[in-house]
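Protein chains in written order, with the working numbering: chain D, 8 to 121; chain U, 288 to 522.
To be clear, the hints were calculated from the coordinates, so they are not data collected in a lab.
Predicted model only: the values in this text are computed from it and were never measured.
Hints are supplied without guarantee of correctness; some may be wrong.
Stretch-level coverage of chain U by chain D, calculated; a stretch enters the list once three of its residues show a Cβ under 8 Å from a Cβ in chain D [said to hold, decoys possible]: (1) 356-366; (2) 382-395.
Quick list of in silico lysine-lysine cross-link-like pairs, DSSO-like style, CA-CA up to 30 Å [unchecked claim]: (3) U:Lys422 / U:Lys339; (4) D:Lys114 / U:Lys449; (5) D:Lys114 / U:Lys450; (6) D:Lys102 / U:Lys449; (7) U:Lys343 / D:Lys114; (8) D:Lys102 / U:Lys476; (9) U:Lys507 / D:Lys100; (10) U:Lys449 / U:Lys422; (11) U:Lys319 / D:Lys114; (12) D:Lys114 / U:Lys311; (13) U:Lys457 / D:Lys39; (14) U:Lys457 / D:Lys100; (15) D:Lys100 / D:Lys33; (16) D:Lys114 / U:Lys289; (17) U:Lys450 / D:Lys100; (18) U:Lys474 / D:Lys100; (19) U:Lys422 / D:Lys100; (20) D:Lys114 / U:Lys457; (21) U:Lys341 / U:Lys314.
Idealized CB from N, CA, C, for every residue including glycine.
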Amino acid sequence: MSTKLTITLILLNIITMLFIYHNVKKKKIILKYALIWFVASVILIFCALTPILMESLANFIGFETTSNMIFLFVVGINIIITFILTTIISNQKNKITTLIQELGIVKEQLNNDK
Amino acid sequence: MKALVIIPAYNEEENIVNTINSLKKIKLKGIKLNYIVINDGSKDKTRETLIKNKIKFIDLIYNLGIGGAVQTGYKYALYNNYDVAIQLDGDGQHNPEYIKKLIEELNNGNDLVIGSRFIEKIDSFKSTKLRRIGKNILSFVIKICTNKTIKDPTSGFRACNKKIIELFSKNYPIDYPEPDTLVIVLKRKYKVLEIPVQMNKRDKGKSSITPLKSIYYMIKVSLSIIVTSLEKRSE
């Protein structure tokens, strides 16, 4: 892995972390959901800081270049985050459905009492 | 005995009054028959029509789809302590005269009774052939999953007792719920019975299922049935 890629990776991840931190501070993102992004950034920074370890790992698994392995990492992390988002959306959809139903019933009851 | 007729309505301004009027003619001995219309976020004047005609209804602020609407009715039935719930479409396809028969069969020890379209003479839809093929596939999938034959798994004309009301208010699929709910009920070893009913042609308005949608529908429902049948009973 070239030094250039190492620096790029670290820089990009620091920018990402700052961006996430900024959004958490402005209460645009709930901390719970920001954590997965922080964890992802930390993993990638670790990868960038340990090029020798990464190289031997890539050799061991059978990647032609270390950067290929890093890219696969990034894709993998993205898939995991997307999946987590899907579960969060499904959960929220269920809750919204229940809210709409209960609100409808309460409104009907209120009309009855009038 | 208290019975509730649940009538889901989405954009049914033209049909809903007739449906309620024909329902009001039904008198049953020893049974207090109430109804509740679920206005599923209709975009037309359904809401205004309901208010104008003093029809009892629950107003959903957003459209939930048929499953979410019907489940609201089951929750309402549970909260208000009804013994029986009957599902009836708001578009006038279901003839309320059969309600008596449905309830009779519940009293004979069945948990869920389905009004089934064995007679299709007056059931002349554009996509009748496609529908029949679809229905057969669904019947087949349900047969494999539960070992029970249901001839009309998509019928939305059904009555159930208190146990099923409780089950449905907790557990009800949102999108195309009819076949799926059958699996939920059959898997729990409740007794399901089909009785023949005649369906009316839709008075006005279009059916919501188009040919292209029905292919997506078939795949989704089949998958959903299989998943439901594999679910372990958690209760």
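field: Numbers of the earlier hints that this structure fails to satisfy, in rising order
entry: Hint check: 2, 3 fail, others pass.
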